[in-house]
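**Student:** First to last, the protein sequences are chains H and F. Residues are numbered in our numbering as their position in the first sequence, beginning at 1, plus a constant of 223. Residues are numbered in our numbering as their position in the second sequence, beginning at 1, plus a constant of 155.
Rather than coming from a laboratory, the hints here were simulated on the basis of the structure.
What the simulated footprint calls covered on chain H by chain F, stretch by stretch (three residues with Cβ under 8 Å from a Cβ of chain F suffice, anywhere in the stretch; the number is not a length):
no.	region
1	597-603
2	606-619
Here are a few chain F residues that sit away from chain H, every Cβ distance over 12 Å (derived from the structure):
no.	residue
3	A553
4	N677
5	T861
Heads up, the beta-carbon is just placed ideally off N, CA and C, and yes, glycines get one too.
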Amino acid sequence: MMYKSLTYKGLASVILLFVCSLAFSQPSADLGKTLFKTNCATCHSKNMKTASTGPALGGVEERWSDYPQSDLYAWIRNSQALIATGHPRATAVWNEYKSVMNAFPGLTDDDIASLLLYIDGMYAGTYGASAAAAVGAVATEVQDKGIPNWIYWALFGGLVLFSLLLSRIIGNLNVLNAEKEGTAYRKKTLFETLTSKGVVSFILFGLVVLGAYTAASNSISLGRQQGYAPEQPIKFSHATHAGVNKIECQYCHDGARRSKHAVIPATNTCINCHAAIKYGSEHGNAELTKIYASTGYLPKGSGEYIEDYENMSLEEKKEIYTGWMLENAIENDEKFEKVTDDLLEQIDAEWDAVVASMTNEQKTEVQGPIEWIRVHNLPDHVYFNHAQHVTVGGLECQTCHGKVEEMEVVAQHSPLSMGWCINCHRQTEVKFEDNEYYKSYQKYHDELAKGDRESVTVEDIGGLECQKCHY
Amino acid sequence: MENNQNGIWIGQKDLNHDPEFIKAAQQEDQTSLLTTMGDEQLATEADGSRRDFLKYLGFGLGAATVAASCEIPVKRAIPYVVKPEEIVPGVATYYASSYVKGGEFSSILVKTREGRPIKIEGNSLCQVSKGGTTARVQASVLDLYDVNRLKGPQVAEGEGFTNSNWADVDKAMGTALRSNATIRIVSNTILSPSFKKLISEFTAKYPNAKLVQYDPVSASALLDANQESFGKRVVPNYQFDKADYVVSFNADFLGTWISPQEYAAGYVSKRKINSAKGATMSRHVQVESHMSMTGSNADHRILVKPSEQSSAVAFLYNEVTGGKVGVSGLTEKAKKALRKTARQLSSNRGHSIVISGNNNIGEQLLVNAINHHLGNYGATISFDHASMQRQGSDSDMATLVQEMSAGRVDVLIVNDANPVYDYHDGAAFAAGMAKVGTKIGLSYRHNETSSLCSILAPIHHGLESWGDAEPKKGHFSLVQPTIHPLFDTRQAEENFMMWSGADMTKSDQPYYDYLKANWTTNVASGAGFASADSFWDGILHDGVYASGGTGEGAGSFNMNLSAATKALIKPSSSDLEISFYEPLSIGNGVHANNPWLQEMSDPVNRTTWGNYLAVPVSFNGVNQFIGFEGLEDGSLVKLTLGDKTIQVPVIQQFGQMPGTVALALGYGRSVGGFATKGIGANVNDCLTKSGGSPQYFSSNVSLGKTGRKEDSFSCVQYHHTMGVTDQNKAGETINADEATLAPGYGNIFSGFQGALVERSIIRKSNLNHLTESVDDLVHEREHHDGLNQQTLYPYDKYVEEKYAEGHHWGLHVDLSSCIGCSACTIACMAENNVPVVGKDKVSRHQEMAWLRIDRYYYGDVENPNTVYQPMMCQHCDNAPCENVCPVNATNHSSEGLNQMIYNRCIGTRYCANNCPYKVRRFNWNDYTTADIFPANQVKVNGEDVPYGADNLTRMVLNPDVTVRTRGVMEKCSFCVQRIQEGKLTAKVEGRRLTDSDVKTACQTACPTGAITFGDTNNKRSEVYKKMISPLTYEVLEEVNVRPSVQYSMKVINKDENFEA
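Using the sequences and the accompanying hints, generate a full structural model.
**Tutor:** Rendered as structure tokens:
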């Protein structure tokens, strides 16, 4: 009997070992994707074929194939340092592009391997095409780095074989033992073995573990909404405002430099410009009328706020605004030269849309604040301060929010997960020398001066501690 | 007489080494302690059944599944339409204003976030309140969001009131205010010069109108005495910062008397010790029967019965001036002490102050004569900048009651006052009101008086109003609104403008225009400003304006000695006397509907939610301390006062004069909001009357036992005590009272908490052997340090590695400066969203305050001295709580903060068990309604919507601090939100962090500057300088937890031969 239990234990340990081996970190294109998004996507284009702020990355390994791989890794970690050594390839790239690339001292070899895998996958179009292709890419690409995947499979096979062997030996021992004691020993059939208490409970145990693992890993993403891009009450286009017209982000989001909130601008900030720009390039009257109607501003002539606006009936408001919309359309749009039924109908429809999008169950009046849908949400127990990151840290808005200037509808670019925050705090260097405040970290200054230390990251000054964000 | 010079104790239970108490006190879960508190029923109810647990578990899983399958709710972000220039969402805006409630005054800065006032700070520019606050000032912001506020005008109809509107109110008043009508305005002291001007205009229009002022606790005799002595009916300007010798007859001048915040700052400035060498201190003698907060800070307390106060004053008068006023009563001990006081006063001529809080004109005149004889007028007491903070007149009120009873009053305007409750003859006032035609209550919420009015005109909160105050002559302070009125209310001043016939249509804020005009023409006259507008802008910014002194002298002193002597009270021969005192928290009921103040423990007897009868404790000569007539804490007694009988619970009070008991005023409100319902007993109608003035004591009292105990005994003195036992050499747990009572055990300043041996909690000394004490302390700290270094991980080494860079936060408390006023505890609640739990939960040791003020007694057991020790998380660098947390929810930051991470905490409570200081608080219930189970929500005092769930109340929450859910631990965070804010400010400005960038809420609230916070790595910081002082020590230094909070030794100036 005692030998039987050994069989199960042996089997269990083999399978556990296998599961563990899968959990080991190893280069993967998926990790590369994450790293690319956080670190590279601001400057390098995602298709790897066109140059953006930085050059196209596709085929980078080929271009560096004349040099040892460590050179490329050093280049990615800190390009300026490599240029300074006079490396021929580095100097050539520098002369071609002349733009400084950020240093990423925190990237490990595995990270870089993952990044390169991802770059290659995107370049060749294999990434995301099929899982098998990705696995294949893994198998071929990582041969000379770390332990390749087939070893695990071989080990797994070997161990299964070994445990079968063991169970065979145990079976034989049991037979011998039975003979010695003079009792009959009957080998179990396969069916008996499979339905035995041990196997069934092992399978159940496995299912519970799997279920718990799935539940845990899925619940981690509860409340996360990367890529969330709700339709807003006004079709405000960041692509038009920040992209085409190059309006500085902080002109409207004026809290970012001085407050925890970046602040959604007050409607009167819109009126600052739209007192002059009265007809939208995309939507004509349809969207702009919403901001006018919400404030009671009538941009007729030199513009005025309508008196006693809040006490007017919806009909009166409609009359004022549709009248103006009609004139405005004829004045600004080549399509319309005179009042036609079509135009009247269109304006009526536009006004109805204004009313529909500016009111809801709680807000029954057209005037009043615009109820935007909040895209970036943090849980209540997280304290985040924009001023710290924008004014003190000098971060670009795009680092976290992505290329908002290309977005027609704003979408959440980053996962806004704690892991994402922590990752950045580990990698980001503090602007240590320029700010008198950091003088209290004398030791770091000494080490920097002596050259014992290359940089001070946010982590080094306590940026990973709980009560930096949770209190 | 047992004179225990060595021990320090916290109360009768540990002095008596009650074994059950000691056993229970060793456990963090205190439900078992309920049985020792005589409440077995509660203790058994505290257990839930296993079935309940499974039910909730199942439901919890189900709910989680449902919640998980739901979509993320759509959240909206709603910007301003037109953003006010001064508001940046997420950044606090501060406005200078004033806190005025009757005669109470403090100049304040109001912190607003997104237009909501959420916190009050002191205004350091003010020369009267001097930058600190009091508990009442801190709590006043909660009143703004009081759910019991009147939300619009009402008129009486039948038994109750129906909603009305302002047009109807004005119409009714227009009819009632005929030009020949007899109109009386009854009010508490009015500090506002502009309001006074308005009233004078009103009385000019209605010649038969008159303003009658009274104070909830009368100081009429003091004013009348100054009228007689100097021809000025004011409270003189007492300058405690110049007094080396203070004698107070029953005046709680640090807690409640006239201008406590100002007096405390001045008093403590004379009692701070910076170095042991050449230290000087004032001496303070308090003559009283009940231990008041002021008395607890005194060097000497002379015990006299309440009815002997007159004799004590007369005795001192005779001794100082050589007068011959007849004296009877007084114990020999008291006489000796008074004689000594007189001798010491005489050697402090011109730099002493004698005051009396008794409302007896004879005593007040004699006190004036003593001060006059000692040459204190013009030196420590002056009439330059005299105080206006009490203006009430007992005789005016008596006349008013007579007029009303005779039916001679047509219109009564009650201006934010409650005479039916807090006037000593409230019943007569109520009866008189029945004969008045029109009674209009300018009231904030329903109270005993407003319920008898015919019209209710609700008023703004101070934070919604314009206004001003002149607390002392020549010191002006502005009140400015910090939020748009929340409800359909109107400030009192606007009513008077309306009824005086002023044109109210010219402006949206007519009183603002009136106020500005008055300031720019009258107040600023001769102030030498460029223009009226620049003056006004400056005032709006600073909040205060002080004109030069008037140079007014005392003038000649007059006294009719025989009349004064006649007014004195003859000692009573009664066996039992009772004194009534104004509690620090709720005043005479004025602040009773404020849950923060109701839950604030009284500094002396440490009770909350109700008035407890203080009874004396006596030593039985062997080994036991027995309460008066064998009464125990929480015993219910029948107290018969004249023809009124009330039932009150008992609290044993050391230092209470034998043969006397004491009870607080202000409780037992019949109408007053949810927090007053069923809380305590009213004794305002039991005061003794002498010469028409209420005397705050009674000799007509008897006490009967009921044999029962109070259901929820809400005294916090025995909660969260720091280890009451020790082990003897044989390893047995012993109660070390045996040791503390044995003569010669321990040395003079090592700390004992009753049963504790050799644990350094309190260190104390007396001025005359301060240098020896300091030497001993230094020696003992070296000894501890030597032992603490015997470790594998020497502290100095890891400090160098871990905490030498950047900041290391530290806090220092000066025990000599701490007077126990509790402003810090309320400030902490306001700043950190600390919940209120209610009387029942307090009795179960579940109060949530992060900062408590421990009270210790030492010295003579029948008349001890007191130490107050503010106790909060000590942020130990070697923290015992951190390494027992199974989920690492509490850990240490590189800046020395002991971080508590709520979202990680799973509620094992191991940390609280392992905390030597007992400063961690567990959320036993869902106080702030963060979860979805209504059963977990706590009603504080029978309110309709649970206190923490009401959206109006929740407007006071600080948005920068997480609201905690049920089942997590919390504790003092060193106001980490302020630390982060301060660091950010310094970073944005690109400069080093300075002391002024980061101040904790307790520090800014303190009126005496007892608390200092800062970066101990910065050698130039104030806190570093204090921490290297030889008077500084760590609590429980011997357990080597390396706290970041340090205390300086309590020093008093006691004359050891005082009663000889």
